[in-house]
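Residue numbering for the sequence shown follows our numbering, beginning at 4 and increasing consecutively.
Keep in mind that the hints were calculated from the coordinates and are not lab data.
Every value quoted in this text rests on a predicted model; they were computed, and no experiment measured them.
Mixed in with the good hints, there may be bad ones.
Ranges of calculated distance between the beta carbons of each label pair, as one might list FRET restraints [said to hold, decoys possible]:
1. N16 - I125: 48 to 58 Å
2. G112 - S133: 13 to 23 Å
3. E26 - W108: 32 to 42 Å
4. C23 - I125: 27 to 37 Å
5. Y121 - F5: 55 to 65 Å
6. I63 - A94: 19 to 29 Å
Note that CB positions come from ideal geometry on N, CA and C, so glycine has one too.
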Amino acid sequence: MFCPKCGTSNDDNLWRCTNCSTELHAPGSRVAARPPSFSGVNSGDPLQAYDVRDYLVQSILVTLFCCLPLGIPAIVYAAQTRTKRDAGDLAGAAEASKNARLWCWLGFGLGLGAGLLYILAIVMMGIGGSM
């Protein structure tokens, strides 16, 4: 589908132009209805009610401070969330957001567990060395 405002070619499943964010719903198009709202907010623009968190800040913090190998996929999914949300692919953005949140929690849990085990090992060595 071509944008009526800027003429950019867009995927038929998108609601907004990837270039200028103009709404692309056309009468008789393959997409008949807007996707439902996740948040349940009743605003004037149904797409704003379908806001999806990207977890980018959390992903970066997990990568820097907790677990690098699990933080990298979190950052990738967080970036995909923003890209898909801005392109109007709200279902894809919601899926990427879910994956970013999952990788954030896995990285945080693994980093926290490893840190606690390290502290426990240090304490046990200190107790064992003093006897």
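Cross-check of the supplied hints:
1. Separation of N16 from I125 is about 54 Å and conforms to the stated range, judged on CB atoms against 48 to 58 Å.
2. Distance hint check for G112 and S133: the Cβ-Cβ separation is about 32 Å, which falls outside the suggested range of 13 to 23 Å.
3. Roughly 35 Å separates the CB atoms of E26 and W108, a value that falls within the hinted 32 to 42 Å.
4. Take C23 and I125: their Cβ atoms lie about 57 Å apart, and the range 27 to 37 Å is violated.
5. Separation of Y121 from F5 is about 58 Å and conforms to the stated range, judged on CB atoms against 55 to 65 Å.
6. Between I63 and A94 the beta carbon distance is about 25 Å. The supplied range of 19 to 29 Å therefore holds.
Taken one by one, the earlier hints fail for this structure at numbers 2, 4, listed in ascending order.
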